[in-house]
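Spelled out, the chains give:
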Amino acid sequence: MTVVREIDVEVRVNGAAYRCGVPPRLTLADFLRERCGLTGTHLGCEHGVCGACTVLLDGEAVRSCLVFAVQADGAEVTTVEGMAGPGDELSPVQAAFRDHHGLQCGFCTPGFVVSVTAFLRDHPDPTDEEIRQGLSGNLCRCTGYQGIIAAVRAAAGQHARRGREEPTAAHP
Amino acid sequence: MPGSLLGNSVRRVEDPRFLTGQGSYVGNLHFDGLAVAAFVRSPFAHARIDGIDVGEARKAPGVVAVYTAEDLELAPFHGFMVLNPACGRPPLATGKVRFVGDVVAMVVAETEAAAVDAAELVVVDYDPLEPAVDTEAAVADGAPLQFEELGTNVVMGMADPPGPDLFAGATTVVRAKLENQRVAVVPMEGDAVLAVPGDDRYDLTVYVSTQMPHGVARTVADTLGLDVGRLRVVAPDVGGGFGAKAGVGAEHLAVIAAARRLGRPVRWVQTRSENMVGMPHGRGQVQWVEMGFDADGRITGMHCRVLADAGAYAGFGGILAVGPTRMMAQGVYAIPAIRYDVAVAVTNTTPMGAFRGAGRPEAAEMLERMMDIAADEMGTDPVELRRRNLLPAFTEPYTTVMGTTYDTGDYARPLDEAIRLAGIEELRAEQASRRTRGDRWQLGIGVSVYVEITGGAGTGEFGAVEVHRDGSATIRVGTSAHGQGHATAFSMIVADTLGIPMERIRFVQSDTAAVPRGGGTGGSRSLQTGGSAVLRAAEQVLEKARALTAAELEASPEDIVVQDGGLGVAGVPSRVVSWGELAAIAEDRGVPNVGGGGKDAGGKNAGGKDAGGEGAGGGPLAAELDFDQGGATYPFGAHVSVVEVDMETGQVRPVRHIAVDDCGRILNPLLVTGQQHGGIAQGMAQALWEEMCYDADGNPITASLAEYAMPSAAEVPFYETANTETPTFRNPLGAKGIGESGTIGSTPAVHNAVVDALSHLGVRHVAMPCTPERVWRAMVAARQGGPEAAAGGRLLWSDPPAAFDRLPVTGQAPAAADVDI
Numbered sequence: 001m002t003v004v005r006e007i008d009v010e011v012r013v014n015g016a017a018y019r020c021g022v023p024p025r026l027t028l029a030d031f032l033r034e035r036c037g038l039t040g041t042h043l044g045c046e047h048g049v050c051g052a053c054t055v056l057l058d059g060e061a062v063r064s065c066l067v068f069a070v071q072a073d074g075a076e077v078t079t080v081e082g083m084a085g086p087g088d089e090l091s092p093v094q095a096a097f098r099d100h101h102g103l104q105c106g107f108c109t110p111g112f113v114v115s116v117t118a119f120l121r122d123h124p125d126p127t128d129e130e131i132r133q134g135l136s137g138n139l140c141r142c143t144g145y146q147g148i149i150a151a152v153r154a155a156a157g158q159h160a161r162r163g164r165e166e167p168t169a170a171h172p
Numbered sequence: 001m002p003g004s005l006l007g008n009s010v011r012r013v014e015d016p017r018f019l020t021g022q023g024s025y026v027g028n029l030h031f032d033g034l035a036v037a038a039f040v041r042s043p044f045a046h047a048r049i050d051g052i053d054v055g056e057a058r059k060a061p062g063v064v065a066v067y068t069a070e071d072l073e074l075a076p077f078h079g080f081m082v083l084n085p086a087c088g089r090p091p092l093a094t095g096k097v098r099f100v101g102d103v104v105a106m107v108v109a110e111t112e113a114a115a116v117d118a119a120e121l122v123v124v125d126y127d128p129l130e131p132a133v134d135t136e137a138a139v140a141d142g143a144p145l146q147f148e149e150l151g152t153n154v155v156m157g158m159a160d161p162p163g164p165d166l167f168a169g170a171t172t173v174v175r176a177k178l179e180n181q182r183v184a185v186v187p188m189e190g191d192a193v194l195a196v197p198g199d200d201r202y203d204l205t206v207y208v209s210t211q212m213p214h215g216v217a218r219t220v221a222d223t224l225g226l227d228v229g230r231l232r233v234v235a236p237d238v239g240g241g242f243g244a245k246a247g248v249g250a251e252h253l254a255v256i257a258a259a260r261r262l263g264r265p266v267r268w269v270q271t272r273s274e275n276m277v278g279m280p281h282g283r284g285q286v287q288w289v290e291m292g293f294d295a296d297g298r299i300t301g302m303h304c305r306v307l308a309d310a311g312a313y314a315g316f317g318g319i320l321a322v323g324p325t326r327m328m329a330q331g332v333y334a335i336p337a338i339r340y341d342v343a344v345a346v347t348n349t350t351p352m353g354a355f356r357g358a359g360r361p362e363a364a365e366m367l368e369r370m371m372d373i374a375a376d377e378m379g380t381d382p383v384e385l386r387r388r389n390l391l392p393a394f395t396e397p398y399t400t401v402m403g404t405t406y407d408t409g410d411y412a413r414p415l416d417e418a419i420r421l422a423g424i425e426e427l428r429a430e431q432a433s434r435r436t437r438g439d440r441w442q443l444g445i446g447v448s449v450y451v452e453i454t455g456g457a458g459t460g461e462f463g464a465v466e467v468h469r470d471g472s473a474t475i476r477v478g479t480s481a482h483g484q485g486h487a488t489a490f491s492m493i494v495a496d497t498l499g500i501p502m503e504r505i506r507f508v509q510s511d512t513a514a515v516p517r518g519g520g521t522g523g524s525r526s527l528q529t530g531g532s533a534v535l536r537a538a539e540q541v542l543e544k545a546r547a548l549t550a551a552e553l554e555a556s557p558e559d560i561v562v563q564d565g566g567l568g569v570a571g572v573p574s575r576v577v578s579w580g581e582l583a584a585i586a587e588d589r590g591v592p593n594v595g596g597g598g599k600d601a602g603g604k605n606a607g608g609k610d611a612g613g614e615g616a617g618g619g620p621l622a623a624e625l626d627f628d629q630g631g632a633t634y635p636f637g638a639h640v641s642v643v644e645v646d647m648e649t650g651q652v653r654p655v656r657h658i659a660v661d662d663c664g665r666i667l668n669p670l671l672v673t674g675q676q677h678g679g680i681a682q683g684m685a686q687a688l689w690e691e692m693c694y695d696a697d698g699n700p701i702t703a704s705l706a707e708y709a710m711p712s713a714a715e716v717p718f719y720e721t722a723n724t725e726t727p728t729f730r731n732p733l734g735a736k737g738i739g740e741s742g743t744i745g746s747t748p749a750v751h752n753a754v755v756d757a758l759s760h761l762g763v764r765h766v767a768m769p770c771t772p773e774r775v776w777r778a779m780v781a782a783r784q785g786g787p788e789a790a791a792g793g794r795l796l797w798s799d800p801p802a803a804f805d806r807l808p809v810t811g812q813a814p815a816a817a818d819v820d821i
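If you're matching them up, the sequences are chains L and G in order.
Our numbering applies: residue 1 is where the first sequence begins, and numbers increase by one.
Our numbering applies: residue 1 is where the second sequence begins, and numbers increase by one.
For the record, the hints were derived by calculation from the structure and aren't laboratory data.
Treat the hints with care, since some could be wrong.
Partial pick of chain G residues on the chain L-facing surface, computed with a CB cut under 7 Å [to be verified]:
id, residue
1, L19
2, T20
3, M188
4, T271
5, R272
6, H677
7, I680
8, A681
9, S712
10, F729
The beta carbon of each residue, even a glycine, is placed where N, CA and C say it ideally should be.
Bound conformation, chain G alone (with noise of 0.2 Å):
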């Protein structure tokens, strides 16, 4: 046997297909008598809807039909988790329209233009209403309410209890309002749906772009009422997700409706208009931190009061400040006390959801501009405070004071790292002699330390393998790739453990006809808890073929090895039973009694039954089971990141991005090099670029790719990355997850890059994104002087809003959610 496969940059498996043009995304899919959908959306962020006049639509040609609320009686419904109960999206809009894009009317019509033309039919009585677009005026007194009913827009809030002083003992007490604005998630294939009627086995299956075909598939059954056994959801190529894929949206239920009525198939592709406005938004906070520190600079306590916006329809992104965002508030860092107030507010936006890292980026953005405003505050380096303040390497589970568990961390570690490969001294040098000549371009050099949660939902995951009478094996798993490698990734897996050639492997997933149960794949999930399941099907499938190799070779099962082509007796090169010899045998005869289980690494896991035939009577030679971790884990690492900003125009330049992330043991450097590449991108893009903006009225007003600033190559820098590898105790894999990591680490290292080429000025904070005119202003701002000199020209502290003295006082955490986003 050669070597292991395992911790090798192996090629995808994946790639000839989307290479060649043969990529499977639902907008590639043909059915005969496909009819496809078009939606009539609202223009005006809120309004009443007085009446809708549908009947030049339906006499438009090439038109099958046209639905409005009352036709199709959907009821109002949540497509992920729940953030209020009141506040459920009717699929069509009933009574009012809540945002600009939401959905008042669909028609189906035989082609796409048809579609089209026929919408622009249809006529809407909009009674605009005064609309609440930013948060901290919908918290406002007077504010315009989205739901009446509720006589508030705070659809969700809880505050600590006041504990000890927090600011005991400091000399030193920093307080900043940071904004973590909104962001448009824009995968490159938008959301897409298209629902065929009936078979012999299924009353209906759906196609659907999503990241979690099962919980679609629960979803949708629950909110149309339907027998999940009798419905189908497949997931076929899926154009990117990024957390914007989790979950069901109100046109996925539309055209499944008609579909069903009219027992044609019936297609819905989103447009990248309908993208901008109609899939979730991502982040959107507004933070007020005041963090105390003692005369040898290490942190008394903190106080955060975080806003978030939840959009339209109580969108379920608004969660992630209750959740992730507040178990991820003492990040890296020593903090002995902490307090954590959290109002979630309801906006006439597009409903907000998750976005790579979903809360985890807001803790870590918060913490890392808290201590670049520290260091500033106090005169100290700030590699030097966060030193001072990193919580010691420890390999036994650590508690924080916000009760979150971590497994493992050595946060010095890919700090040290990241500080060598940047060669931060020249890097400093540098900085002080362009300052001296006072060159056009100033250099800032950007720090950020963090640690986030993957694969926590404790909702185990599915997998199997078999081996078949060819010799060939197959996968099956209920994560769900979307352009992450898992065809790769788990291959490798089964053919270290069985020796089996990759190239036999075949790769199952995404279809709920195929695998029985799975959680998909968001929250960096997929290898943890997907991989580690496959693996412990692929070692009792070892087991099975072992005790048959044994009894076919009249040998002990101990002396059974894996050899080139099958397995043997240790050290007996020339007698080999072949896998297809062995799955013919079980499927023949049987497979003896070995005992299931598997050997654990720890945590509660690899329960479940085996689907071989042990005992009488044949069966295949496989073995299927669900795999528990028992816990999340805790990925971390440090960046680094270099900037050139312009001290004319206030442009940024990034000119180097170092990156030390450590998830666990690495399986495939390719795979987990990739996912930071695309992560750094997404950060710096934040701290950079992208926002979703509106006007006063509601209105998106960077609701194209023309006008949203998704970076492209000309704009991003090239990448350093490593990796310090600090394995988890959860999984026999050692692996956490990669997903998120370059995401969370890199908006702060970048943002802090920018302000740190400001500091000479007095400037200790700018806004994201940091465009050339709030970094222009930011400098005008310091120049001026006076007290909105530090933060581009507002004040670095503002009261929060009175919203948070009416919280309900819990001191609780709440739940764990049980779905990893």
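Here chain L stands alone, though its shape is the one from the complex (with noise of 0.2 Å):
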């Protein structure tokens, strides 16, 4: 029988200290789903491909499925559970996913909102191209995409621009 050794790290989540010992093989997301008691990263897969489990990595989003707890030792974590602003407020890229019905069973709807957050803030007046293309690392069985392809479109206050075929009501 093998011991494994636990190794000390200390994560900032949201904003809050998590300090404890995790085995090396502990994933980012079982870290915050089992340690930090946020169930919110959710997976969908096992290999980094429908992107329920993305969050913000010292700004940048990854799959949590994909990082060891280890690897975000003395990293600043943001999870879809820190997106609302004060008061609980939804964030725009929150309101606009309701506005727009950019979901409906809600198990991929926090990866979105922090991949869509990453995407704006690094392509703040994106094409419809350039949307589909920065979604594309998120899987939705739902929606179809439609409608969260038009919440991101109002999440950053972009208009139409190639008429028919992207007209920016959810329903036209």
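The task is to assemble the complex, starting from two chains supplied on their own in separate frames and drawing on the hints.
Shown next as structure tokens:
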């Protein structure tokens, strides 16, 4: 029987410090869900395809199923639970998802909210093509993506660029 | 009072929780003493189990228990509908394994990591057997048998007697073999279950990711011999279902059994690897179809021979070819005679179940492909050929030659609208110029018209409304939303009826402790059945409240109307009795007898008992009842899809998709459009990308999201959705289902568009999914000419298997299912 040595890590998550010993193979996703009790970060696949587990690691959007907790030692992590404003006011991205019916069952939603938040920070005025590419690392089985794209466009304050092909309304 | 809420795009009340990470999915729940289960699964499609050694696993760190079939002694079961009683599945395999992913043993440990580690230490001695993987191979003579004692892999089948000549008067008969491939359902949350033994009220509480909690309770109680009254089943937030979360799974039963034995909570959350092989797959039919047309292009008759894949253990999905595909074989067309023969076979693959549409997409795809093949054969415009054969509009029930009774229909209306929105003449002109120029990217335009079945199980649905002393209200309903937005839609109904603001309405569903019965959510049934039950209950509450108000204000009940904040006398806004006061009066003094019932819009509905305290004594201001609409509703619509095909690589790019879906009267356009969008994406994905593939040994080769081609936002086009509204008389909302329409209409429209892009080369069919390779091969075969040029390198028609000649000839429609799927 092998005894796995635990490694001490300290991670700041949504502004709060979490300090504990973790096995080296513990993923950041499991660390957040099990050690921090932050279950908003969901697991939808096992290998970074679906994007449901996306979190910000020192500001960068990463798949927390592909990062070990030990790699996040000393880092600042933001999860979906840390996205809303003071008084739990929905962030512009969260509000836009609601306004444009960008979610149905809600399981993929945390990953989309985090990915889109990072995407719009880096691409404040995206084209529709850039939005579709920017979202292509997150899978959703419910919405067909149209409401999500409308939400991203709205959150970016962007207007329709290509006539009929991409109207702004969620349902023309 | 402001105007009616109904018909408006009201934002969802569900959303804030999901957007802030507060969802309560099974994997997010925590209980003290929680243990975690992991399963040992078969790597073979078909093998004898000669021994299982769990010794090392039992000694592994953190392990609580390791179970095999011998330990748990769970009898073979049927998780949902019973296809063949002889093919029950033992929750843990006994004697043989029958598909890759079959469950052989279960490890329960303190942590998931410990459980997975220990599962790898279980040594199973397999003696591999030859598998039957492909459905046609499974029904061939000498095929390896999954249940040797049956002497065949055909586990269900029936044939119509040969009737009059189906092709008398036909000048054209088209024949094609069509494959409706197996697809994986892939809800973003896979399967999950958490069983918690005993508290004061219940022997066992089961939290499960399901569409039908009450159905789970019944099946679990029956299978494990429990008292259903002492069993509580809760579906917390459920991350998508699409038909795959109907019924009880082997893993559910094993986890529940373990929790009972260990006396502690046990949880299992399916990984994606497990999900791709363990969750039921959908579709999986091979159809041999012959269709005759007279000189005017009118259909003379049709002969269908349908071979359905049931997967291992006769998965209930095989029934869909006998049920809904057969029921909908006439579709939207006037077809004087149909002969429909169906065989269902077990294969050594994942058991089949329901996937969005569940048997109706297979019927629509079959008819719509045949119409396009016929149009090409006869040199007729495909839209014109459809128009010539459409059933005329009807508002009285219409019974097809299959014995299916449609409620209301006007099929030309959405077709005309879809054609108009698409601008089909301009598209045809653009297609012609690209062909003339010999462009690399050619244009294809595909059309489909469909009708489908929703809410037809005839089991009714439970709904209840109660108003509380604080002026708020609670809805309880037996449907079980998992993304559809029922909390919003049903709150709109109550707010509209009672004038209580939506934010003061609580919505309770999916808990057998809080809702006495329910059919859950499937078969696009929820608004028409559950929504109508809630409406009727709200109307009964209103009647009681009017009687109370009339007594309070010394007015006549007929003069009492809903006012801002409560009820009052019409035209006298100063005298309002608030809902809170009314609830208090009812509780303290009781409600005068106002007679139950409410007004019926049609059907045999709105029976049921009142929960409110009629007669002497106080009681809640409430009503509960069951609503039964007395028959299914039949939504319909038309789609036009436009694709570009790269003539060099075979790549298909969907560029436009126009959907006009008629789901009767629309309650919330935001939700309807959302259902259309999601449905279109899934249907398009079947036409272009998705297929669950096995190699010759029965190994799944598309069993991860890296290999299974589920689309992202970068693959799908912008959908142009619209609706016509042809109400049904079956329920007071006039609503039909919308959950599956998008899927049903889109697959054939997209598929037809791909073939249309190649039709000038002589291509008449390409098998789904129309991958670049398949499309490229179709172009190569067309250039080479010969009999295989028309169908992507194979014959458009080949004779059906001899198994069809041996089917029992019944000529009887099977009994309707008692659940909606």
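Evaluation of the interface hint that places S712/G against chain L, nearest CB under 7 Å:
With a closest approach of 4 Å, the S712/G hint holds.
Was the hint right that H677/G lines chain L, CB cutoff 7 Å?
Holds, because the Cβ-Cβ distance from H677/G to chain L comes to roughly 4 Å (cut-off 7 Å).
Next item in the hint list is A681/G. Is there a CB on chain L closer than 7 Å to its CB?
With a minimum Cβ separation of about 3 Å from chain L (threshold 7 Å), the hint on A681/G holds.
With a cut-off of 7 Å on the beta carbons, see whether L19/G makes it to chain L.
Result: holds, 4 Å to nearest chain L Cβ.
For the hint on F729/G, does the least C-beta distance to chain L fall short of 7 Å?
violated, 27 Å
Is the interface hint satisfied for M188/G? The criterion is a beta-carbon contact with chain L at less than 7 Å.
With a closest approach of 4 Å, the M188/G hint holds.
Against chain L, with CB atoms and a cut of 7 Å, does the hint on I680/G hold up?
Given a least distance of 6 Å, the restraint on I680/G holds.
For the hint on R272/G, does the least C-beta distance to chain L fall short of 7 Å?
holds, 4 Å
Holds or violated: is there a CB of chain L closer than 7 Å to the CB of T20/G?
At 5 Å from the nearest chain L Cβ, T20/G passes the 7 Å test, so the hint holds.
Next item in the hint list is T271/G. Is there a CB on chain L closer than 7 Å to its CB?
Result: holds, 6 Å to nearest chain L Cβ.
Checked against the numbered hints above, the structure violates only hint 10.
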